[in-house]
Amino acid sequence: MGIAGGSAALAPILSACGVGGGTTTDQENGAEEVSGGFDWRKAEGESIKILQTPHPYQQSFQPLLEEFTELTGIDVVAELVPEADYFTKLNTELAGGSGEHDVFMLGAYFVWTYGPPGWLEDLSPWLENSSATSDEYDFEDIYEGLRMATRWDFEKGSPLGSGGQWAIPWGFETNVVAYNKAEFDRRGIKPAETFDDFMQLAIDLTDRSENRYGVTFRGSRSWATIHPGFMSQFSREGAVDYEVNGTELVAAMNSETAVDFTKKWVELAKEAGPTSWTTYEYPDCTRDLGNGTAMMCYDADSATYPQNKPGASQEAGNLAWHPGPAGPDGNYATNLWTWSLAMNAASQKKLAAWLFIQWATGKEAMSDAVREGAFADPTRQSVFDGAFKETLGDFPGYLETFETVIDSTSIQFTPQSRFFETTEDWAVALQDIYSGADAKSRLDDLAAASTDIVNS
Amino acid sequence: MSTTVTGRTQEPTPVKREPDRPPSVPTWRRKARPYLLSIPAVLIIAGILYPFILGSYYSVLNYSAINPLPSFVGFDNFSRVLSDSRFWGSVRVTLVYAVVATTVEMVLGIGIALLLNRASRIGKLFERVLILPLMVAPVIAGVIWGLMYNPQFGVINHIFGLGSTFNWLSTDMALWSVILVDVWIFTPFVAILVLAGIRSLPKEPFEASEVDGAGWFYMFRRLMLPMIWPYILVAVIFRFMDCLKIFDHVYVLTAGGPGAVTRTLQIGAYEDSIINLNYSQGSTYMFLLWVLVFITARYLVSVLGKAQRRAAGAEG
Numbered sequence: 023m024g025i026a027g028g029s030a031a032l033a034p035i036l037s038a039c040g041v042g043g044g045t046t047t048d049q050e051n052g053a054e055e056v057s058g059g060f061d062w063r064k065a066e067g068e069s070i071k072i073l074q075t076p077h078p079y080q081q082s083f084q085p086l087l088e089e090f091t092e093l094t095g096i097d098v099v100a101e102l103v104p105e106a107d108y109f110t111k112l113n114t115e116l117a118g119g120s121g122e123h124d125v126f127m128l129g130a131y132f133v134w135t136y137g138p139p140g141w142l143e144d145l146s147p148w149l150e151n152s153s154a155t156s157d158e159y160d161f162e163d164i165y166e167g168l169r170m171a172t173r174w175d176f177e178k179g180s181p182l183g184s185g186g187q188w189a190i191p192w193g194f195e196t197n198v199v200a201y202n203k204a205e206f207d208r209r210g211i212k213p214a215e216t217f218d219d220f221m222q223l224a225i226d227l228t229d230r231s232e233n234r235y236g237v238t239f240r241g242s243r244s245w246a247t248i249h250p251g252f253m254s255q256f257s258r259e260g261a262v263d264y265e266v267n268g269t270e271l272v273a274a275m276n277s278e279t280a281v282d283f284t285k286k287w288v289e290l291a292k293e294a295g296p297t298s299w300t301t302y303e304y305p306d307c308t309r310d311l312g313n314g315t316a317m318m319c320y321d322a323d324s325a326t327y328p329q330n331k332p333g334a335s336q337e338a339g340n341l342a343w344h345p346g347p348a349g350p351d352g353n354y355a356t357n358l359w360t361w362s363l364a365m366n367a368a369s370q371k372k373l374a375a376w377l378f379i380q381w382a383t384g385k386e387a388m389s390d391a392v393r394e395g396a397f398a399d400p401t402r403q404s405v406f407d408g409a410f411k412e413t414l415g416d417f418p419g420y421l422e423t424f425e426t427v428i429d430s431t432s433i434q435f436t437p438q439s440r441f442f443e444t445t446e447d448w449a450v451a452l453q454d455i456y457s458g459a460d461a462k463s464r465l466d467d468l469a470a471a472s473t474d475i476v477n478s
Numbered sequence: 079m080s081t082t083v084t085g086r087t088q089e090p091t092p093v094k095r096e097p098d099r100p101p102s103v104p105t106w107r108r109k110a111r112p113y114l115l116s117i118p119a120v121l122i123i124a125g126i127l128y129p130f131i132l133g134s135y136y137s138v139l140n141y142s143a144i145n146p147l148p149s150f151v152g153f154d155n156f157s158r159v160l161s162d163s164r165f166w167g168s169v170r171v172t173l174v175y176a177v178v179a180t181t182v183e184m185v186l187g188i189g190i191a192l193l194l195n196r197a198s199r200i201g202k203l204f205e206r207v208l209i210l211p212l213m214v215a216p217v218i219a220g221v222i223w224g225l226m227y228n229p230q231f232g233v234i235n236h237i238f239g240l241g242s243t244f245n246w247l248s249t250d251m252a253l254w255s256v257i258l259v260d261v262w263i264f265t266p267f268v269a270i271l272v273l274a275g276i277r278s279l280p281k282e283p284f285e286a287s288e289v290d291g292a293g294w295f296y297m298f299r300r301l302m303l304p305m306i307w308p309y310i311l312v313a314v315i316f317r318f319m320d321c322l323k324i325f326d327h328v329y330v331l332t333a334g335g336p337g338a339v340t341r342t343l344q345i346g347a348y349e350d351s352i353i354n355l356n357y358s359q360g361s362t363y364m365f366l367l368w369v370l371v372f373i374t375a376r377y378l379v380s381v382l383g384k385a386q387r388r389a390a391g392a393e394g
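Chains A and B supply the protein sequences, listed in that same order.
For reference, each letter of the first sequence is one residue, going 23 to 478 in the working numbering.
For reference, each letter of the second sequence is one residue, going 79 to 394 in the working numbering.
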């Protein structure tokens with residue numbers, strides 16, 4: 023039956039205590055049980071399991087786990103699952119309600135799906151409990167856009183930033199343009215400031231006979247195609263995914279602005295993108311940038327960052343960063359991705375789990391991780407201004423780009439629990455338009471279907 | 079047994095033997111033994127039936143991550159899925175995939191088996207090489223072929239001089255490209271199965287035909303093909319069933335795209351159950367796929383039965 027059959031069958035079966043057995047909506051928040059003064063050794067002798075996917079953030083933290091054990095007396099067992107299978111495993115485990123892993127890495131959009139069934143522990147009571155949280159933790163030091171990204175009340179039409187704190191941002195990425203500075207310097211050109219100029223620049227840089235093309239960005243049949251470069255520029259151009267009409271969401275990816283932008287984006291992919299764009303995911307994009315096939319890459323800054331390290335790629339040392347084209351009104355609205363740490367609501371070791379999250383997202387450990395050399399975008403301003411600038415921020419344009427977009431960096435999507443379904447449909451629509459479908463009618467169909475789905 | 083003669087005939091004294099008796103086993107154990115022996119089989123059947131029944135049950139609920147306390151909705155999921163053009167698109171993709179891949183694999187597999195049947199050193203070498211694709215997991219095969227198909231640096235465009243613009247995974251090409259990977263992996267399976275069939279055939283009819291002056295093609299068509307037909311049908315059944323459930327390398331190569339041109343039924347079920355966490359709708363996809371596989375399997379097995387009887391001379 024293969025992976026799909028097995029997984030499809032397993033997901034419900036793992037909630038084997040019966041239909042809906044996976045829900046944990048009746049789980050008590052563990053913060054209320056913690057009292058007395060704060061002490062890192064309050065859960066000494068316990069052992070927690072964490073679920074992670076191999077990633078520069080995880081790799082930077084791996085050597086530091088012993089420090090956590092020395093500080094707290096808590097053992098940490100870290101289990102790694104490749105990113106391609108990570109959410110499949112997480113979905114099935116959370117649906118099963120087993121509480122096997124106490125802490126796991128989580129993207130912000132997943133809060134919208136995993137939160138409503140009660141799979142995630144609300145971390146607000148933990149943050150507010152001085153018996154459980156150190157005075158030095160300084161939650162407000164985490165960039166506001168990130169804190170808001172993982173806070174929601176699950177009400178349709180309600181913006182991010184209200185409701186429970188379902189995860190703590192740990193590492194993040196803004197979506198900007200990395201480019202081959204050596205080639206730009208050789209030609210005496212600079213990055214484009216408007217989207218029309220960006221298109222023209224990318225087309226001019228494309229020479230298929232030399233196996234070189236202008237710009238790479240994701241195009242695979244996945245929600246992950248929409249959220250980096252596409253959503254950032256879509257927002258900068260003034261388009262939105264949904265409009266709120268009372269308690270209903272109305273899909274707006276077929277608005278005049280959205281259709282106009284989508285046509286241009288697809289044209290850009292055809293004229294100046296990778297020829298197998300419809301299979302492109304971020305490793306393909308960063309690889310092509312690193313080996314000199316792509317002249318620009320509109321994707322996560324921290325994904326392109328490693329390509330510039332000495333010896334990491336053919337073009338290492340030749341890359342630079344730019345915020346990308348501003349919107350017509352000069353805005354730099356940028357969509358973000360954050361790998362956060364969340365607590366399993368079914369965990370039996372919540373205090374130990376919280377101490378781990380608190381430590382990993384704290385100033386000291388994050389600074390140490392940055393000094394390890396691969397933690398490109400720390401979520402704390404103090405760490406960015408401190409350890410990051412001291413050790414990592416010397417790549418051309420990286421700091422300037424980061425500082426230009428950070429205040430406009432937030433989740434540009436409207437939160438809704440059917441995010442993955444509707445956003446994958448959006449990626450399918452982009453592929454259809456790329457294959458020749460009429461943009462307006464295809465996006466009309468998409469909008470009608472998405473409106474039905476999100477309000478059902 | 080010999081008897082000693084002592085002047086008079088002596089009848090041998092019959093040896094009175096105790097009748098063979100089973101070792102003394104308590105009655106309850108004798109009665110329980112059949113049940114104990116059947117436990118593994120029962121467990122296996124339960125392991126198959128439990129998920130099937132549970133999955134079928136989910137298909138009449140509205141169970142999803144956002145609705146973890148579901149209710150009975152009858153055939154709503156079936157009516158929604160059956161009225162969804164994406165589902166019928168997936169049915170079409172799955173059937174085209176299964177028919178084309180199985181046909182090509184049969185033709186190539188029989189051809190290769192006929193070539194390998196002639197004993198030669200090269201033939202023996204090929205027999206060993208032939209099995210290599212079967213040792214590669216389909217997911218790994220997907221990754222390998224994804225790299226080879228890459229227009230920028232893939233070896234296929236380089237060998238055929240197609241430049242960096244010909245895209246094997248474009249809308250027009252993607253379905254045929256994923257079928258090609260299936261053919262690469264599974265043609266050896268067909269070849270090996272058919273070769274085993276050919277080598278099990280009696281030599282006499284062929285020798286007699288040769289003496290009568292029959293040509294190679296005549297012997298193949300009139301003698302060999304009817305006799306190896308059951309083997310071919312077994313290969314058809316295996317491959318066709320597998321193709322109806324195809325997922326692994328298709329998902330790795332295209333994830334069902336571009337658009338929905340390679341979205342098989344399994345990929346649809348995976349999207350609904352695992353990505354969208356809509357367990358009931360995913361279960362409905364799986365149930366409908368099971369119906370399709372079951373009907374097809376029943377038909378093919380009945381055809382196989384007839385072929386076997388015909389090959390054995392029971393039917394004309």
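Be aware that one or more of the hints could be misleading.
Unchecked claim - Per the computed footprint, the stretches of chain A lying under chain B, defined by three or more beta-carbons under 8 angstroms from a beta-carbon of chain B, are: (1) 52-63; (2) 131-140; (3) 199-206; (4) 297-303.
Hints were generated in silico from the structure; no laboratory data involved.
Note that the structure is a prediction, hence the values are computed from the model and not measured.
Using N, Cα and C, we set each Cβ at its ideal position, and we do this for glycine too.
Results of checking the hints against the structure:
1. 52-63: Coverage by chain B is violated for the stretch 52-63 of chain A (0 residues, Cβ < 8 angstroms).
2. 131-140: Since 5 is at least three, the answer is holds.
3. 199-206: violated (count 0)
4. 297-303: With 4 residues closer than 8 angstroms to chain B, the stretch 297-303 of chain A meets the three-residue bar; holds.
The earlier numbered hints that this structure contradicts are 1, 3.
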